[in-house]
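Work the whole structure out from these sequences, hints included.
Protein chains: 2
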Amino acid sequence: MTQAMQRQEAVSIRKNEAFAAVAAQLEPRLIQRECTPKQVVRMIRNEQQIHGWQAEAVQHAQDLPGISFGKGEEVIVDFGEHLVGALAIRIVPVGSPPDAPLHLQITLGEMPVEMAEPFSEYNGWLSSSWLQEERIHLDVLPAALKLERRYSFRYLKLKVLDTSPKYKVSFADISCTAVTSADRSALSATLTSADAELQAIDEVSVKTLEECMQEVFEDGPKRDRRLWLGDLRLQALANYETFSGNGLVKRCLYLFAAYPDERGRITANLFMKPQVIADDTYLYDYSLFFVSVLHDYFLATGDRNTLEELWPSAYRQIELGLERLDERGIVADDESWWSFIDWHPNLNKQAPSQAILIYNLKRALHLAALLGDERKATLERTIGELTQAAAEHLWDAQSGCFISGRDRQVSYASQIWMVLAEVPEPEQAKALMLRLLEDKSAIPMSTPYMVHHFIEALIQVGERETAIREIKKYWGQMIKDGADTFWELYDPNDKSFSPYGSHLINSYCHAWSCTPAYLIRKYQL
Amino acid sequence: MTQAMQRQEAVSIRKNEAFAAVAAQLEPRLIQRECTPKQVVRMIRNEQQIHGWQAEAVQHAQDLPGISFGKGEEVIVDFGEHLVGALAIRIVPVGSPPDAPLHLQITLGEMPVEMAEPFSEYNGWLSSSWLQEERIHLDVLPAALKLERRYSFRYLKLKVLDTSPKYKVSFADISCTAVTSADRSALSATLTSADAELQAIDEVSVKTLEECMQEVFEDGPKRDRRLWLGDLRLQALANYETFSGNGLVKRCLYLFAAYPDERGRITANLFMKPQVIADDTYLYDYSLFFVSVLHDYFLATGDRNTLEELWPSAYRQIELGLERLDERGIVADDESWWSFIDWHPNLNKQAPSQAILIYNLKRALHLAALLGDERKATLERTIGELTQAAAEHLWDAQSGCFISGRDRQVSYASQIWMVLAEVPEPEQAKALMLRLLEDKSAIPMSTPYMVHHFIEALIQVGERETAIREIKKYWGQMIKDGADTFWELYDPNDKSFSPYGSHLINSYCHAWSCTPAYLIRKYQL
Numbered sequence: 001m002t003q004a005m006q007r008q009e010a011v012s013i014r015k016n017e018a019f020a021a022v023a024a025q026l027e028p029r030l031i032q033r034e035c036t037p038k039q040v041v042r043m044i045r046n047e048q049q050i051h052g053w054q055a056e057a058v059q060h061a062q063d064l065p066g067i068s069f070g071k072g073e074e075v076i077v078d079f080g081e082h083l084v085g086a087l088a089i090r091i092v093p094v095g096s097p098p099d100a101p102l103h104l105q106i107t108l109g110e111m112p113v114e115m116a117e118p119f120s121e122y123n124g125w126l127s128s129s130w131l132q133e134e135r136i137h138l139d140v141l142p143a144a145l146k147l148e149r150r151y152s153f154r155y156l157k158l159k160v161l162d163t164s165p166k167y168k169v170s171f172a173d174i175s176c177t178a179v180t181s182a183d184r185s186a187l188s189a190t191l192t193s194a195d196a197e198l199q200a201i202d203e204v205s206v207k208t209l210e211e212c213m214q215e216v217f218e219d220g221p222k223r224d225r226r227l228w229l230g231d232l233r234l235q236a237l238a239n240y241e242t243f244s245g246n247g248l249v250k251r252c253l254y255l256f257a258a259y260p261d262e263r264g265r266i267t268a269n270l271f272m273k274p275q276v277i278a279d280d281t282y283l284y285d286y287s288l289f290f291v292s293v294l295h296d297y298f299l300a301t302g303d304r305n306t307l308e309e310l311w312p313s314a315y316r317q318i319e320l321g322l323e324r325l326d327e328r329g330i331v332a333d334d335e336s337w338w339s340f341i342d343w344h345p346n347l348n349k350q351a352p353s354q355a356i357l358i359y360n361l362k363r364a365l366h367l368a369a370l371l372g373d374e375r376k377a378t379l380e381r382t383i384g385e386l387t388q389a390a391a392e393h394l395w396d397a398q399s400g401c402f403i404s405g406r407d408r409q410v411s412y413a414s415q416i417w418m419v420l421a422e423v424p425e426p427e428q429a430k431a432l433m434l435r436l437l438e439d440k441s442a443i444p445m446s447t448p449y450m451v452h453h454f455i456e457a458l459i460q461v462g463e464r465e466t467a468i469r470e471i472k473k474y475w476g477q478m479i480k481d482g483a484d485t486f487w488e489l490y491d492p493n494d495k496s497f498s499p500y501g502s503h504l505i506n507s508y509c510h511a512w513s514c515t516p517a518y519l520i521r522k523y524q525l
Numbered sequence: 001m002t003q004a005m006q007r008q009e010a011v012s013i014r015k016n017e018a019f020a021a022v023a024a025q026l027e028p029r030l031i032q033r034e035c036t037p038k039q040v041v042r043m044i045r046n047e048q049q050i051h052g053w054q055a056e057a058v059q060h061a062q063d064l065p066g067i068s069f070g071k072g073e074e075v076i077v078d079f080g081e082h083l084v085g086a087l088a089i090r091i092v093p094v095g096s097p098p099d100a101p102l103h104l105q106i107t108l109g110e111m112p113v114e115m116a117e118p119f120s121e122y123n124g125w126l127s128s129s130w131l132q133e134e135r136i137h138l139d140v141l142p143a144a145l146k147l148e149r150r151y152s153f154r155y156l157k158l159k160v161l162d163t164s165p166k167y168k169v170s171f172a173d174i175s176c177t178a179v180t181s182a183d184r185s186a187l188s189a190t191l192t193s194a195d196a197e198l199q200a201i202d203e204v205s206v207k208t209l210e211e212c213m214q215e216v217f218e219d220g221p222k223r224d225r226r227l228w229l230g231d232l233r234l235q236a237l238a239n240y241e242t243f244s245g246n247g248l249v250k251r252c253l254y255l256f257a258a259y260p261d262e263r264g265r266i267t268a269n270l271f272m273k274p275q276v277i278a279d280d281t282y283l284y285d286y287s288l289f290f291v292s293v294l295h296d297y298f299l300a301t302g303d304r305n306t307l308e309e310l311w312p313s314a315y316r317q318i319e320l321g322l323e324r325l326d327e328r329g330i331v332a333d334d335e336s337w338w339s340f341i342d343w344h345p346n347l348n349k350q351a352p353s354q355a356i357l358i359y360n361l362k363r364a365l366h367l368a369a370l371l372g373d374e375r376k377a378t379l380e381r382t383i384g385e386l387t388q389a390a391a392e393h394l395w396d397a398q399s400g401c402f403i404s405g406r407d408r409q410v411s412y413a414s415q416i417w418m419v420l421a422e423v424p425e426p427e428q429a430k431a432l433m434l435r436l437l438e439d440k441s442a443i444p445m446s447t448p449y450m451v452h453h454f455i456e457a458l459i460q461v462g463e464r465e466t467a468i469r470e471i472k473k474y475w476g477q478m479i480k481d482g483a484d485t486f487w488e489l490y491d492p493n494d495k496s497f498s499p500y501g502s503h504l505i506n507s508y509c510h511a512w513s514c515t516p517a518y519l520i521r522k523y524q525l
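From first to last, the protein sequence lines are chains C and Y.
For the first sequence, position 275 matches number 275 in the UniProt record's numbering, and the numbering has no gaps at all.
For the second sequence, position 214 matches number 214 in the UniProt record's numbering, and the numbering has no gaps at all.
These are calculated hints, taken from the structure and not from any lab test.
Please note that a few of the clues may not be correct.
[As the list claims (entries may be wrong)] Some chain Y residues judged to face chain C by a derived CB distance under 8 Å, without partners named:
hint : residue
1    : His103
2    : Thr163
3    : Ser164
4    : Ala369
5    : Leu371
6    : Gly462
7    : Glu465
[What the hints assert, rightly or not] Here are the simulated lysine-lysine pairs, BS3-like style, with alpha carbons at most 30 Å apart:
hint : chain 1 : residue 1 : chain 2 : residue 2
8    : Y       : Lys273    : C       : Lys168
9    : C       : Lys168    : C       : Lys146
10   : Y       : Lys495    : C       : Lys157
11   : C       : Lys71     : Y       : Lys168
12   : C       : Lys159    : Y       : Lys159
13   : C       : Lys146    : Y       : Lys159
14   : C       : Lys157    : Y       : Lys146
15   : Y       : Lys362    : Y       : Lys522
16   : Y       : Lys71     : C       : Lys159
17   : Y       : Lys157    : Y       : Lys146
18   : Y       : Lys15     : Y       : Lys71
19   : Y       : Lys71     : C       : Lys157
20   : Y       : Lys157    : C       : Lys146
21   : C       : Lys38     : C       : Lys71
22   : Y       : Lys376    : Y       : Lys15
For every residue, glycine included, the Cβ atom is placed at its ideal position computed from N, Cα and C.
Structure representation (structure tokens):
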């Protein structure tokens, strides 16, 4: 997910100190790894490549200390892999003693386009402050420059804005202390697929997840570097099949449960610094997904203590979700709410939200049964009523599709979530998914997050081969287009798509795109 | 002085460890003072003002924490006086929790023009890295930002380059820890003048000197922040009449003496960091002035031990200076050398350099006599020969002026330095200075450094009233034009003059401009 564009109402947070303490105790130790650049590269125009740019090796990185750079000169290095971490550069003057400060511009990018296109031309509607570019004055040389911030990058551009006519500089050492809380030594080797393309997709998925596993599960290490509930759900699923960093999932569950609002509602995301802060963004679907994350966590770990402690928080999300039902038993649609679902600008959220409510009700029911909660019966009845209401009011028999909103919109999202919520019968669900594959008029998917649910729905209706084909068509093509971690946004038909007005601000290592590792391993594709 | 535009030959330094140790022991303790902004101001166009800009108070600085700033918004504060020091700003977010970093631009300026005209348009030929502007990303707010660099400024501009639509920022606390090694409590109150204008000029001179007294006597705290021998000479003179920081003069003398080249030649300037480094710039006049600084220091302090230790270094500069003499006994003029004298681009350096050689020979003679050095006789004879040669080859009887170079150039610098060196007889010198006052065709003076010598020459020939008038015309007018410290460069007839191609890069607190305090106090003007 990414930052909200809209301001929610003022809310008052009721911190649960006990939960916060559990979360604090689970703060992971970050694993550090020293990395150095592999190549000096230049970016060349290639219209066949993503965003029209391609990195071309110019020389070995070890030759770099022998080159000096004067005013206006720059160099780009390629670390050979995506990294999240701190940057250190040892800068040495060449020529007379430096008689003016060095003014250095440091640009970091996950993708060639971030090296090739000037950030000064950025005009998107997310904050330009996410663009990873620093300007630094060094009064004393030689200098061992250690940048304080954490960056997410593969490429690094150093541009000398100014020195003086009397000296140049060389970059004697460049290194990155890469960090992650994902433990590669614990990485499960249960990938059974012999398919080389699926193996490659799995590998990039694992790397993507690894980069996003920090003090919490972050959505993207470049942007927003934050714990989002919807992303957490998918990361946790991928994690159970790979790094098994289950303590980190538990930590994130306790964090969300520790900062509800005065009505018990769980925020869409948390800030970790300067202290844990619940964002004032609340998303209908994300709050409900707390139930799913807890459910999946218990299935993966059998940690009954956590389940019992957090079950009231989960159940509360169901109660609040049900408050939005109209007299027909349908999630009310108006201008005041925000359910995320997907980034498509015209997507109506009513039907998929109804489905997500049912989806989480079913997981709540499962947990209630496990816990012997007497509200099991209520949940069961409610599931029946909502499913019936969906069939009655959101199903269009003529088109054979679920419709959403006053304008009876047909979207991928609505069909997929109704299938995942098992609203249609299995045979009907399979037919619906097959029909959807042919439907050119439905509002399409616009993020890997939505495509993940599409694949999961295909698998659920038994279309394993189609699922594999669609994984390859999407994540496989992303690799062909240059991904070494999976991107926040990808539309094979519009490769520069950004919901933010510029592909420069897109995150190119994003949690919600890491799920092929889960899909391939879990379902043994 | 400022940085050299040309590269000198490679030289090898013969460090004198004993001298370096003396200098190191004399490193002063910096006196710190906490300062806060006085006013929020805006810069308004006023063609009557220097560079066309004037600061206008908008509100009290204490109102600032109540104002919040979003993307593209900025504020300028005025600290009410020139400061040299470190900046700290406490920044508080206003609105939702910050969901993107803050990108902040911080611009510091000694003059309104530095706040009003964008540095991006700077196109001068000194390094733009001297322009005091930082761009900083803050990932976590609130933040107690402490900038590591030392700045020289009165005005501070804070511009929010970006936040996000969800929050703004306010500047809760702004402060500067001002530093100097000048001790105000030791400031001599011997100013006897009852003339209010001279009192004001003295006060600004003292402030200028104070700001330039740091770990060494710096030429300018904004640019170049370096120990230059020619500037040191004038700072030391002003210091003896004011702060009496004589240990700092001693330290600087030992520093210069500690880093001669293999022939014993003393550099024009020293860098202090990362360790003491002799610049590879050698100026004919500056090396010779080591004699004068030692001479003046001994007269002010009576420190015979220092005189004895450093006398060989001083004498060596005389020997090296004499090596440039041609067969006529005149300092040879060619393309290979650099004698500073003044910044005027067309100024020929031969005659003033001849005079400066004689000037320093006379001070060396005085020291030799004090020390009983047997080379006294040689010095005496040499002075006679060089004076005779100057009269014979550099005096143009027809115009009644000293001429310089192949093109027989007449300049202020030549006449002034010949008078200061007492080459003409007193009556002839007086007539020469009076004639110079009327001369419109002579190459004029272009820095306060040269104007200082003009005033000193006027006093020397007994023209005290003219000297006072000229001080008021120059430094008095500088105050009327807005100086609260005296500027590196000032031409009352061309107020935006810069030898560097832009008035943005000029230093507006410069050591060589602080001498009215010396002139007024020493000569009881």
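Hint by hint, here is what the structure shows:
About 4 Å separates the beta-carbon of His103 (chain Y) from the nearest beta-carbon of chain C, less than 8 Å, and the hint is met. Checking Thr163 (chain Y) against chain C by beta carbon gives a least distance of about 6 Å; that is within 8 Å, so the hint holds. Proximity of Ser164 (chain Y) to chain C holds as hinted, the smallest CB-CB distance being about 4 Å (cut-off 8 Å). Contact between Ala369 (chain Y) and chain C, as hinted, is not supported at the beta carbon level, the nearest pair being about 38 Å apart and thus beyond 8 Å.
The beta carbon of Leu371 (chain Y) comes no nearer than 34 Å to any beta carbon in chain C, farther than 8 Å, and the hint placing it at the interface is violated. Because the closest C-beta pair between Gly462 (chain Y) and chain C is about 42 Å apart, greater than 8 Å, the hint is violated. The beta carbon of Glu465 (chain Y) is not positioned within 8 Å of any beta carbon in chain C (closest approach about 42 Å), and the interface hint is therefore violated. Only pairs whose Cα atoms come within 30 Å are accepted, and Lys273 (chain Y) paired with Lys168 (chain C) is accepted, the gap being roughly 17 Å.
Restraint check: the Cα-Cα separation between Lys168 (chain C) and Lys146 (chain C) comes to about 20 Å, which is no more than 30 Å; the hinted pair holds. With a C-alpha separation of about 41 Å, the suggested pair Lys495 (chain Y) and Lys157 (chain C) falls outside the 30 Å cut-off, and the hint is violated. Using a Cα cut-off of 30 Å, the hinted pair Lys71 (chain C) and Lys168 (chain Y) is violated, with the two alpha carbons roughly 35 Å apart. Among the hinted pairs, Lys159 (chain C) with Lys159 (chain Y) is consistent with the structure: their alpha-carbon atoms are about 23 Å apart, no more than 30 Å.
The suggested pairing of Lys146 (chain C) with Lys159 (chain Y) holds, with an alpha-carbon distance near 25 Å, which does not exceed 30 Å. Under the criterion of a C-alpha separation no larger than 30 Å, the hint pairing Lys157 (chain C) with Lys146 (chain Y) is consistent with the structure, at around 26 Å. Distance check on the hinted pair: Lys362 (chain Y) and Lys522 (chain Y) sit about 21 Å apart at the alpha-carbon level, within 30 Å; holds. Taking the CA atoms of Lys71 (chain Y) and Lys159 (chain C), the gap is near 26 Å; set against the 30 Å cutoff, the hint holds.
Taken as a hint, the Lys157 (chain Y) and Lys146 (chain Y) pair is honoured in the structure, with Cα atoms around 16 Å apart against an allowance of 30 Å. Simply put, Lys15 (chain Y) and Lys71 (chain Y) have alpha-carbon atoms about 53 Å apart, too far for the 30 Å limit, and the pair is violated. At roughly 26 Å between alpha-carbon atoms, Lys71 (chain Y) and Lys157 (chain C) fall within 30 Å of each other, so this suggested pair holds. Between Lys157 (chain Y) and Lys146 (chain C) the CA atoms are separated by roughly 26 Å; this keeps the pair inside 30 Å, and the hint holds.
Under the criterion of a C-alpha separation no larger than 30 Å, the hint pairing Lys38 (chain C) with Lys71 (chain C) is consistent with the structure, at around 25 Å. Between Lys376 (chain Y) and Lys15 (chain Y), the direct Cα distance comes to roughly 28 Å. Compliance with the 30 Å bound is thereby established for this hinted pair.
The structure is inconsistent with the numbered hints 4, 5, 6, 7, 10, 11 and 18, although it conforms to all the rest.
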